[in-house]
Amino acid sequence: MVDISRKILVTGASRGIGKAIAIGMAKRGYDVALNDIERQKDALAEVVKEIESLGRRTVIVFADVSNKDQVTAMIDKISVEFGHLDAVVNNAGILISGDVEGLKEEYWDSVMDVNAKGTFLVVQAVLPLMKKRGYGRIVNIASIGGKHGAPEQAHYSASKAAVMGFTRVLAQEVGVDGITANCVCPGIILTDMGRVNLDDPAVRKSWQDKTAMRRIGDPDDVVGAVAFFASDDAAFITGQTLNVDGGIVLS
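By full-length UniProt numbering, the letter at position 224 of the sequence shown is numbered 224, and the numbering carries on one by one without gaps.
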(Lines of atoms letter the chains of each structure in order from A and count residues from 1; the text may use other names and numbers.)
(Lines give C-alpha, C1' and ligand atoms only; values in the text may rest on other atoms or scores of the structure.)
Protein backbone atom coordinates (compact mmCIF):
# COMPACT_ATOMS: atom_id res chain seq x y z
CA MET A 1 0.00 0.00 0.00
CA VAL A 2 1.32 3.45 -0.90
CA ASP A 3 1.67 5.76 2.09
CA ILE A 4 0.10 9.07 1.09
CA SER A 5 0.01 10.68 4.54
CA ARG A 6 1.64 14.05 4.95
CA LYS A 7 5.08 14.23 6.58
CA ILE A 8 6.44 17.12 8.59
CA LEU A 9 9.66 17.92 10.46
CA VAL A 10 9.46 20.09 13.58
CA THR A 11 12.75 21.25 15.08
CA GLY A 12 13.02 22.01 18.78
CA ALA A 13 10.03 19.73 19.33
CA SER A 14 10.61 18.57 22.91
CA ARG A 15 8.76 21.36 24.68
CA GLY A 16 6.95 24.67 24.40
CA ILE A 17 5.85 25.89 21.00
CA GLY A 18 7.65 23.07 19.16
CA LYS A 19 5.89 20.39 21.20
CA ALA A 20 2.52 22.04 20.66
CA ILE A 21 3.13 22.27 16.90
CA ALA A 22 4.24 18.64 16.66
CA ILE A 23 1.17 17.34 18.49
CA GLY A 24 -1.12 19.79 16.72
CA MET A 25 0.07 18.65 13.30
CA ALA A 26 -0.34 15.01 14.30
CA LYS A 27 -3.95 15.81 15.22
CA ARG A 28 -4.32 17.16 11.69
CA GLY A 29 -3.15 13.87 10.20
CA TYR A 30 0.58 14.39 9.75
CA ASP A 31 3.35 11.94 10.53
CA VAL A 32 5.95 13.90 12.47
CA ALA A 33 9.75 13.87 12.55
CA LEU A 34 10.73 15.23 15.94
CA ASN A 35 14.04 17.03 16.30
CA ASP A 36 15.91 18.29 19.32
CA ILE A 37 19.31 17.89 20.93
CA GLU A 38 20.01 14.54 22.57
CA ARG A 39 19.77 15.77 26.15
CA GLN A 40 16.05 16.35 25.48
CA LYS A 41 15.49 12.67 24.70
CA ASP A 42 13.23 12.00 27.70
CA ALA A 43 11.01 14.96 26.85
CA LEU A 44 10.89 13.88 23.20
CA ALA A 45 9.87 10.38 24.26
CA GLU A 46 6.81 11.87 25.93
CA VAL A 47 5.92 13.73 22.73
CA VAL A 48 6.25 10.46 20.82
CA LYS A 49 3.76 8.80 23.17
CA GLU A 50 1.22 11.56 22.63
CA ILE A 51 1.57 11.48 18.85
CA GLU A 52 1.45 7.70 18.58
CA SER A 53 -1.69 7.70 20.73
CA LEU A 54 -3.23 9.70 17.88
CA GLY A 55 -2.37 6.93 15.43
CA ARG A 56 0.39 8.85 13.64
CA ARG A 57 3.97 7.78 12.94
CA THR A 58 6.95 9.51 14.46
CA VAL A 59 10.71 9.42 14.09
CA ILE A 60 13.13 11.05 16.52
CA VAL A 61 16.09 12.80 14.90
CA PHE A 62 18.66 14.20 17.28
CA ALA A 63 20.67 17.09 15.88
CA ASP A 64 22.10 20.45 16.83
CA VAL A 65 20.62 22.55 14.03
CA SER A 66 23.66 24.82 14.05
CA ASN A 67 25.88 21.88 13.02
CA LYS A 68 25.80 21.20 9.27
CA ASP A 69 26.93 17.56 9.50
CA GLN A 70 24.29 16.76 12.10
CA VAL A 71 21.58 18.47 10.07
CA THR A 72 22.57 16.55 6.93
CA ALA A 73 22.45 13.27 8.85
CA MET A 74 19.05 14.24 10.26
CA ILE A 75 17.52 14.85 6.85
CA ASP A 76 19.10 11.66 5.49
CA LYS A 77 17.47 9.66 8.29
CA ILE A 78 14.08 11.28 7.69
CA SER A 79 14.37 10.53 3.98
CA VAL A 80 14.94 6.86 4.77
CA GLU A 81 12.18 6.66 7.40
CA PHE A 82 9.52 8.80 5.74
CA GLY A 83 10.56 8.87 2.08
CA HIS A 84 9.73 12.55 1.73
CA LEU A 85 8.84 15.70 3.65
CA ASP A 86 5.84 17.85 2.81
CA ALA A 87 6.66 20.51 5.37
CA VAL A 88 9.31 21.68 7.79
CA VAL A 89 8.83 23.94 10.79
CA ASN A 90 12.03 25.63 11.91
CA ASN A 91 11.19 26.21 15.54
CA ALA A 92 14.47 25.46 17.36
CA GLY A 93 15.66 28.56 19.14
CA ILE A 94 17.42 29.87 22.22
CA LEU A 95 17.47 33.09 24.22
CA ILE A 96 20.24 34.24 26.54
CA SER A 97 19.46 37.69 27.91
CA GLY A 98 22.07 40.40 28.24
CA ASP A 99 22.48 44.11 27.54
CA VAL A 100 24.53 45.16 24.53
CA GLU A 101 27.40 46.67 26.49
CA GLY A 102 27.97 43.60 28.63
CA LEU A 103 26.91 40.88 26.20
CA LYS A 104 29.49 38.13 25.82
CA GLU A 105 30.56 37.40 22.28
CA GLU A 106 29.86 33.70 22.74
CA TYR A 107 26.25 34.49 23.71
CA TRP A 108 25.79 36.50 20.51
CA ASP A 109 27.29 33.66 18.49
CA SER A 110 25.23 30.93 20.18
CA VAL A 111 21.93 32.72 19.64
CA MET A 112 22.71 33.59 16.04
CA ASP A 113 24.00 30.08 15.32
CA VAL A 114 20.88 28.29 16.52
CA ASN A 115 18.18 30.79 15.58
CA ALA A 116 19.44 32.09 12.25
CA LYS A 117 22.09 29.70 10.93
CA GLY A 118 20.10 26.71 12.15
CA THR A 119 17.10 27.77 10.08
CA PHE A 120 19.33 28.21 7.04
CA LEU A 121 21.05 24.84 7.44
CA VAL A 122 17.80 22.89 7.82
CA VAL A 123 16.26 24.61 4.81
CA GLN A 124 19.37 24.04 2.73
CA ALA A 125 19.34 20.32 3.59
CA VAL A 126 15.63 19.80 2.95
CA LEU A 127 15.31 21.70 -0.34
CA PRO A 128 16.55 18.85 -2.58
CA LEU A 129 13.83 16.57 -1.16
CA MET A 130 11.14 19.16 -1.78
CA LYS A 131 12.38 20.18 -5.21
CA LYS A 132 12.40 16.54 -6.31
CA ARG A 133 8.66 16.35 -5.65
CA GLY A 134 7.86 19.89 -6.76
CA TYR A 135 6.16 20.57 -3.45
CA GLY A 136 7.04 21.93 -0.03
CA ARG A 137 5.90 24.12 2.82
CA ILE A 138 8.56 25.86 4.90
CA VAL A 139 7.38 27.59 8.07
CA ASN A 140 10.00 29.49 10.03
CA ILE A 141 9.26 30.53 13.59
CA ALA A 142 10.50 34.08 14.01
CA SER A 143 9.21 36.44 16.73
CA ILE A 144 7.67 39.84 17.22
CA GLY A 145 11.02 40.45 18.91
CA GLY A 146 12.53 40.47 15.44
CA LYS A 147 10.31 43.44 14.56
CA HIS A 148 10.55 45.60 17.67
CA GLY A 149 12.83 43.89 20.16
CA ALA A 150 13.18 44.44 23.89
CA PRO A 151 16.01 45.48 26.21
CA GLU A 152 18.62 42.76 26.83
CA GLN A 153 17.56 40.90 23.69
CA ALA A 154 19.50 42.65 20.91
CA HIS A 155 21.09 39.41 19.71
CA TYR A 156 17.78 37.52 19.86
CA SER A 157 16.02 40.32 17.98
CA ALA A 158 18.77 40.36 15.36
CA SER A 159 18.55 36.60 14.91
CA LYS A 160 14.79 36.66 14.39
CA ALA A 161 14.99 39.63 12.02
CA ALA A 162 17.53 37.56 10.08
CA VAL A 163 15.05 34.68 9.88
CA MET A 164 12.42 36.98 8.40
CA GLY A 165 14.81 38.46 5.83
CA PHE A 166 16.06 35.00 4.91
CA THR A 167 12.50 33.76 4.44
CA ARG A 168 11.58 36.62 2.10
CA VAL A 169 14.51 35.84 -0.17
CA LEU A 170 13.97 32.09 0.07
CA ALA A 171 10.37 32.52 -1.06
CA GLN A 172 11.55 34.31 -4.20
CA GLU A 173 14.07 31.59 -5.01
CA VAL A 174 11.93 28.48 -4.54
CA GLY A 175 8.44 29.56 -5.56
CA VAL A 176 8.99 28.21 -9.05
CA ASP A 177 9.66 24.79 -7.49
CA GLY A 178 6.24 24.60 -5.84
CA ILE A 179 7.67 25.51 -2.43
CA THR A 180 6.34 28.24 -0.16
CA ALA A 181 8.22 29.87 2.72
CA ASN A 182 6.56 31.93 5.43
CA CYS A 183 7.19 33.11 8.99
CA VAL A 184 5.07 32.93 12.09
CA CYS A 185 5.97 35.54 14.70
CA PRO A 186 4.79 34.53 18.17
CA GLY A 187 4.35 37.19 20.81
CA ILE A 188 4.66 36.65 24.53
CA ILE A 189 4.05 32.93 24.96
CA LEU A 190 4.17 31.05 28.26
CA THR A 191 7.00 28.59 27.59
CA ASP A 192 10.20 27.73 29.46
CA MET A 193 12.02 30.27 27.30
CA GLY A 194 9.21 32.80 27.59
CA ARG A 195 9.46 32.70 31.37
CA VAL A 196 12.72 34.62 31.03
CA ASN A 197 10.38 37.59 30.57
CA LEU A 198 7.47 36.42 32.69
CA ASP A 199 8.77 35.20 36.06
CA ASP A 200 8.36 38.68 37.51
CA PRO A 201 4.62 39.30 38.15
CA ALA A 202 5.00 43.00 37.34
CA VAL A 203 6.63 42.17 34.01
CA ARG A 204 3.90 39.64 33.23
CA LYS A 205 1.17 42.19 33.97
CA SER A 206 2.95 44.78 31.86
CA TRP A 207 2.93 42.44 28.86
CA GLN A 208 -0.70 41.53 29.47
CA ASP A 209 -1.60 45.20 29.50
CA LYS A 210 0.18 45.72 26.17
CA THR A 211 -1.81 42.93 24.55
CA ALA A 212 -5.19 43.74 23.01
CA MET A 213 -6.58 40.45 24.33
CA ARG A 214 -5.17 41.13 27.80
CA ARG A 215 -3.59 37.71 28.22
CA ILE A 216 -0.32 35.89 27.73
CA GLY A 217 -0.24 33.39 24.89
CA ASP A 218 -0.19 29.62 25.20
CA PRO A 219 1.91 27.40 22.90
CA ASP A 220 -1.30 26.00 21.41
CA ASP A 221 -2.19 29.51 20.23
CA VAL A 222 0.62 29.29 17.67
CA VAL A 223 -0.41 25.98 16.12
CA GLY A 224 -3.23 27.21 13.89
CA ALA A 225 -1.08 29.72 12.03
CA VAL A 226 1.61 27.10 11.42
CA ALA A 227 -0.94 24.56 10.24
CA PHE A 228 -2.39 27.09 7.82
CA PHE A 229 0.97 27.93 6.25
CA ALA A 230 1.76 24.20 6.03
CA SER A 231 -1.51 23.45 4.26
CA ASP A 232 -2.73 23.73 0.69
CA ASP A 233 -5.05 26.53 1.84
CA ALA A 234 -1.91 28.70 1.82
CA ALA A 235 -0.74 27.54 -1.63
CA PHE A 236 -0.62 31.10 -3.02
CA ILE A 237 0.93 32.71 0.06
CA THR A 238 4.69 32.99 0.37
CA GLY A 239 7.31 35.33 1.79
CA GLN A 240 4.95 36.54 4.50
CA THR A 241 5.17 37.04 8.26
CA LEU A 242 2.14 36.58 10.51
CA ASN A 243 2.06 37.92 14.05
CA VAL A 244 0.48 35.56 16.60
CA ASP A 245 0.61 37.79 19.63
CA GLY A 246 -2.88 38.62 20.81
CA GLY A 247 -2.53 42.16 19.52
CA ILE A 248 0.83 43.61 20.53
CA VAL A 249 2.26 44.36 17.11
CA LEU A 250 -0.65 45.70 15.08
CA SER A 251 0.55 45.35 11.50
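Hints are not guaranteed to be accurate.
[Stated by the list, open to error] Now the in silico label distances, taken between C-beta atoms and shown as ranges: (1) Phe236 x Ile96: 35 to 41 Å; (2) Glu173 x Thr72: 36 to 42 Å; (3) Gly178 x Val100: 22 to 28 Å; (4) Val100 x Gly175: 23 to 29 Å; (5) Asn67 x Lys132: 20 to 26 Å; (6) Gly149 x Glu173: 26 to 32 Å; (7) Val169 x Phe236: 14 to 20 Å.
[To be verified] As a list, the in silico SDA-like pairs of lysine to any residue whose alpha-carbon atoms are at most 25 Å apart: (8) Lys210 x Gly247; (9) Lys132 x Val59; (10) Lys147 x Thr191; (11) Lys147 x Asp220; (12) Lys132 x Asp220; (13) Lys27 x Ser79; (14) Lys132 x Gly175; (15) Lys132 x Gln208; (16) Lys131 x Asp76; (17) Lys147 x Lys131.
If you're looking for bench data, these hints aren't it; they were derived computationally from the structure.
Note that the Cβ used here is the ideal one computed from N, Cα and C, for glycine as well.
Results for each hint:
1. Phe236 x Ile96: 35 to 41 Å: holds, 38 Å
2. Glu173 x Thr72: 36 to 42 Å: violated, 20 Å
3. Gly178 x Val100: 22 to 28 Å: For Gly178 and Val100 the Cβ distance comes to about 42 Å; the hint is violated.
4. Val100 x Gly175: 23 to 29 Å: Given about 37 Å between the Cβ atoms, the range is violated.
5. Asn67 x Lys132: 20 to 26 Å: holds, 24 Å
6. Gly149 x Glu173: 26 to 32 Å: holds, 27 Å
7. Val169 x Phe236: 14 to 20 Å: holds, 19 Å
8. Lys210 x Gly247: holds, 8 Å
9. Lys132 x Val59: holds, 22 Å
10. Lys147 x Thr191: holds, 20 Å
11. Lys147 x Asp220: Roughly 22 Å separates the two Cα atoms, so the pair holds.
12. Lys132 x Asp220: Given pair Lys132, Asp220 is violated - Cα atoms ~32 Å apart, limit 25 Å.
13. Lys27 x Ser79: holds, 22 Å
14. Lys132 x Gly175: Since the Cα atoms of Lys132 and Gly175 sit roughly 14 Å apart, the hinted pair holds (cutoff 25 Å).
15. Lys132 x Gln208: At roughly 46 Å apart (the allowed maximum being 25 Å), Gln208 and Lys132 break the hint.
16. Lys131 x Asp76: At roughly 15 Å apart (the allowed maximum being 25 Å), Asp76 and Lys131 satisfy the hint.
17. Lys147 x Lys131: Given pair Lys147, Lys131 is violated - Cα atoms ~31 Å apart, limit 25 Å.
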